[in-house]
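**Q** Chains as they are written, first to last, in this note's numbering: chain A, 62 to 262; chain B, 453 to 924.
In short, the hints are calculated from the structure, not lab data. Ideal Cβ placement from N, Cα and C applies to all residues, glycine included. Any given hint could be a false lead.
[Claimed, not checked] Here are the computed distance ranges between Cβ atoms for each label pair:
no., chain 1, residue 1, chain 2, residue 2, range
1, A, N233, B, R498, 50 to 60 Å
2, B, T719, A, D215, 56 to 66 Å
3, A, A198, B, D778, 21 to 31 Å
4, A, A256, B, T719, 42 to 52 Å
5, A, T66, B, G700, 26 to 36 Å
[As the list claims (entries may be wrong)] Here's a subset of chain B near chain A, in silico, CB distances under 10 Å, partners left out:
no., residue
6, D460
7, K461
8, W463
9, Q492
10, I614
11, Y716
12, H761
13, A762
14, S763
15, G767
16, L865
17, R889
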Amino acid sequence: MEKFTTLTGVAAPMPLVNIDTDMIIPKQFLKTIQRSGLGKNLFDEMRFDREGNEVADFVLNQPAYRKAEILVAGDNFGCGSSREHAPWALLDFGIRCVISTSFADIFFNNCFKNGILPIVLPQEQVDVLMADARKGANARQTVDLEAQTVTTSDGQVFSFTVDAHRKHCLMNGLDDIGLTLEKASAIDSFEAKNATLRPWA
Amino acid sequence: MAPRTLYDKIWDDHVVHQAEDGTCLLYIDRHLVHEVTSPQAFEGLRMTGRKVRAPEKTIAVPDHNVPTTLDRANASTMTEDSRIQVAALDKNAKDFGINYYPVSDVRQGIVHIVGPEQGWTLPGMTVVCGDSHTATHGAFGSLAHGIGTSEVEHVLATQTLIQRKGKNMKVEITGSLRPGVTAKDITLSVIGATGTAGGTGYVIEYCGQAIRELSMEGRMTVCNMAIEGGARAGLIAPDEKTFAYCMGRPHAPKGAKWEAALAYWETLFTDEGAHFDKVVTIKGEDIAPVVTWGTSPEDVLPITGTVPHASDFTGGKVEAAQRSIDYMGLTAGQKLTDITIDTVFIGSCTNGRIEDLRAAAAVLKGKKVKDGMRAMVVPGSGLVRAQAEEEGLAQIFIDAGFEWRLAGCSMCLAMNPDQLAPGERCASTSNRNFEGRQGYKGRTHLMSPAMAAAAAITGHLTDVREMMNEAV
Numbered sequence: 062m063e064k065f066t067t068l069t070g071v072a073a074p075m076p077l078v079n080i081d082t083d084m085i086i087p088k089q090f091l092k093t094i095q096r097s098g099l100g101k102n103l104f105d106e107m108r109f110d111r112e113g114n115e116v117a118d119f120v121l122n123q124p125a126y127r128k129a130e131i132l133v134a135g136d137n138f139g140c141g142s143s144r145e146h147a148p149w150a151l152l153d154f155g156i157r158c159v160i161s162t163s164f165a166d167i168f169f170n171n172c173f174k175n176g177i178l179p180i181v182l183p184q185e186q187v188d189v190l191m192a193d194a195r196k197g198a199n200a201r202q203t204v205d206l207e208a209q210t211v212t213t214s215d216g217q218v219f220s221f222t223v224d225a226h227r228k229h230c231l232m233n234g235l236d237d238i239g240l241t242l243e244k245a246s247a248i249d250s251f252e253a254k255n256a257t258l259r260p261w262a
Numbered sequence: 453m454a455p456r457t458l459y460d461k462i463w464d465d466h467v468v469h470q471a472e473d474g475t476c477l478l479y480i481d482r483h484l485v486h487e488v489t490s491p492q493a494f495e496g497l498r499m500t501g502r503k504v505r506a507p508e509k510t511i512a513v514p515d516h517n518v519p520t521t522l523d524r525a526n527a528s529t530m531t532e533d534s535r536i537q538v539a540a541l542d543k544n545a546k547d548f549g550i551n552y553y554p555v556s557d558v559r560q561g562i563v564h565i566v567g568p569e570q571g572w573t574l575p576g577m578t579v580v581c582g583d584s585h586t587a588t589h590g591a592f593g594s595l596a597h598g599i600g601t602s603e604v605e606h607v608l609a610t611q612t613l614i615q616r617k618g619k620n621m622k623v624e625i626t627g628s629l630r631p632g633v634t635a636k637d638i639t640l641s642v643i644g645a646t647g648t649a650g651g652t653g654y655v656i657e658y659c660g661q662a663i664r665e666l667s668m669e670g671r672m673t674v675c676n677m678a679i680e681g682g683a684r685a686g687l688i689a690p691d692e693k694t695f696a697y698c699m700g701r702p703h704a705p706k707g708a709k710w711e712a713a714l715a716y717w718e719t720l721f722t723d724e725g726a727h728f729d730k731v732v733t734i735k736g737e738d739i740a741p742v743v744t745w746g747t748s749p750e751d752v753l754p755i756t757g758t759v760p761h762a763s764d765f766t767g768g769k770v771e772a773a774q775r776s777i778d779y780m781g782l783t784a785g786q787k788l789t790d791i792t793i794d795t796v797f798i799g800s801c802t803n804g805r806i807e808d809l810r811a812a813a814a815v816l817k818g819k820k821v822k823d824g825m826r827a828m829v830v831p832g833s834g835l836v837r838a839q840a841e842e843e844g845l846a847q848i849f850i851d852a853g854f855e856w857r858l859a860g861c862s863m864c865l866a867m868n869p870d871q872l873a874p875g876e877r878c879a880s881t882s883n884r885n886f887e888g889r890q891g892y893k894g895r896t897h898l899m900s901p902a903m904a905a906a907a908a909i910t911g912h913l914t915d916v917r918e919m920m921n922e923a924v
């Protein structure tokens, strides 16, 4: 997993609430057996018409936002299906950070496994970042994970909270499985105890 | 010890390790696997030379991609990429030695129907699957939730998950349901009341008389859609109905192990005075048969209602509601019963069990679907299908003009050939009405099996109580 430390980039505004993972990556693209290559299908049914032509007014098709690295999104972003193809598609497109007032749990979790930082901020701060993002390509926002801050293009700073374990993994690009396998003896003893307490399980 | 909720108890019994910051390593009792969210996880194991730690606790079944037409044994019924994905699961199950129900097996079906049916899902367990509707298994008083593919790989390799504990939420449905009102109406009404983010960060415990009065099938329907309310997991304390359902299932314990299990299961309830961070109470008798009008599962109204105006909402929901009304091709103020449909889908992990088919067949018996209606029943598993045939339900569906299909996820998410064409409108017993969910530009109205059957007959959204001669 790629490390996440600081990021300065274009933020795309997506104020719609309840953007679900079917919107982020429609099911016809879930038939892949790989993690890569989904960026071209990100937001496919909003971004392209049936013939594959770009929908001009969709935010990521506008010249200012074609290279966006941050999304500022409406409430409850990533609801619906557990498909990790959603963060894979965001990452493959180049999005490393999503900011919203809330995220669906499974999507939120999936982001951290893929080097994407989801940031939860109060409505009034997301409103400021959304307005800042609407200024276009020259309005670059900065996310500093170490300091846990987001800075608007004109220097307003907002602090966010992040779970210590997740921050550590993200900043160091760590693989969870490797960390857990270091605790193999704890898993062994749990299983031994369980075999007595709950043998049917 | 302080009084604990059911969620607290299951959690406590599965903590392998707790870090200083509260992050826990949680033991997983059952890992269900399907073909869409697992190939990258198995590939990860191969690349790192890791094994599946507990293959005997890992159960795989292909369901999302598989065709449901009777000719599906013919490989040409699947697209090349679907075929590759199902073949990958065949190979991964064999290579890693996990329990497997291939397409050719009569026990094949939707993963969340197969798990309980085969006795893999039992009270007090932790159950995960790379699918958000894993919440279904919470009906047994197990802690069950969806995970992403990275976590699928983590569970395969370690039989654990890294988790932080969620908050406790109680949803109580008091009193009894009125005739014509079902588990689906409960779960949709709860989402309508709390919103799709109302349960975010929580595990919901459903309780109250109306929940106790539901069958296990109904309880699975309720828990199935906890995720649509934002909660990763929903659960219901096990009782005599739960134990009776589990008893004798192929993978349920037998003999002395059954007795030991039962003694443990009887401790699985929320203690008097345990703390809930959020409580929602709904009167069972206030719940009507409901349908969704928009493109979010929170867009729920009683069938007697009218399509809302975007201006009825506040904040970001105003834009979302207008977008939904436009997408759905509706007019604000229009009566819901005036919405005509052209497709009916009965099935899915929400409503593809035997009781669902019985409820739909009871409405359809001796009747015909509206001329031109495309109607299909997709049983949740091969065993549900066989039982429905034995009970004569299949014939009722066929006589009414329904297609009688083989088991799979089918038009719930339309990854297989069962899809809506642009503009088509479906009365569906599935769980999501998102834009494009059942096919590009397709329009979905969620409802119970009985309501879907009623709509199939009349050709428009219909109050099933009128067909049952019940007062509205």
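**Q** Run every hint past the structure and note whether it holds.
**A** Hints, verified against the model:
At about 25 Å, the CB distance of N233(A) to R498(B) disagrees with the hint of 50 to 60 Å. A beta carbon spacing of about 59 Å between T719(B) and D215(A) agrees with the range 56 to 66 Å that was offered as a hint. Checking the proposed 21 to 31 Å range against A198(A) and D778(B) shows it holds: the Cβ atoms sit about 30 Å from each other. Taken as a hint, the range 42 to 52 Å is violated for the pair A256(A) and T719(B), whose Cβ atoms sit roughly 19 Å apart.
Checked against the hint of 26 to 36 Å, the C-beta distance between T66(A) and G700(B) comes to roughly 56 Å, which is inconsistent with it. A distance limit of 10 Å between C-beta atoms decides the matter here; for D460(B) the minimum to chain A is near 17 Å, and the interface restraint is violated. With a cut of 10 Å, the hint placing K461(B) at the interface with chain A is violated, because the nearest CB-to-CB distance is about 13 Å. For W463(B), the shortest C-beta to C-beta distance to chain A is roughly 14 Å, which exceeds 10 Å, and the interface hint is violated.
Of the supplied interface hints, the one on Q492(B) holds, with its beta-carbon coming within about 5 Å of a beta-carbon of chain A, less than 10 Å. Using the Cβ-Cβ criterion of 10 Å, the hint placing I614(B) at the interface with chain A is satisfied: the shortest such distance is roughly 6 Å. Taken as an interface hint, Y716(B) checks out: its beta carbon lies about 7 Å from the nearest beta carbon of chain A, inside 10 Å. Using the Cβ-Cβ criterion of 10 Å, the hint placing H761(B) at the interface with chain A is not satisfied: the shortest such distance is roughly 17 Å.
Given hint, A762(B) at the interface with chain A, is violated; its Cβ is 13 Å from that chain's nearest Cβ, farther than 10 Å. Hint status for S763(B) relative to chain A: violated, with the closest Cβ pair at about 16 Å, above 10 Å. For G767(B), the suggested interface contact is upheld, since its CB lies about 8 Å from the closest CB of chain A, less than 10 Å. Because the closest C-beta pair between L865(B) and chain A is about 5 Å apart, less than 10 Å, the hint holds.
Checking R889(B) against chain A by beta carbon gives a least distance of about 5 Å; that is within 10 Å, so the hint holds.
Going through the hint list in order, the structure does not satisfy hints 1, 4, 5, 6, 7, 8, 12, 13 and 14.
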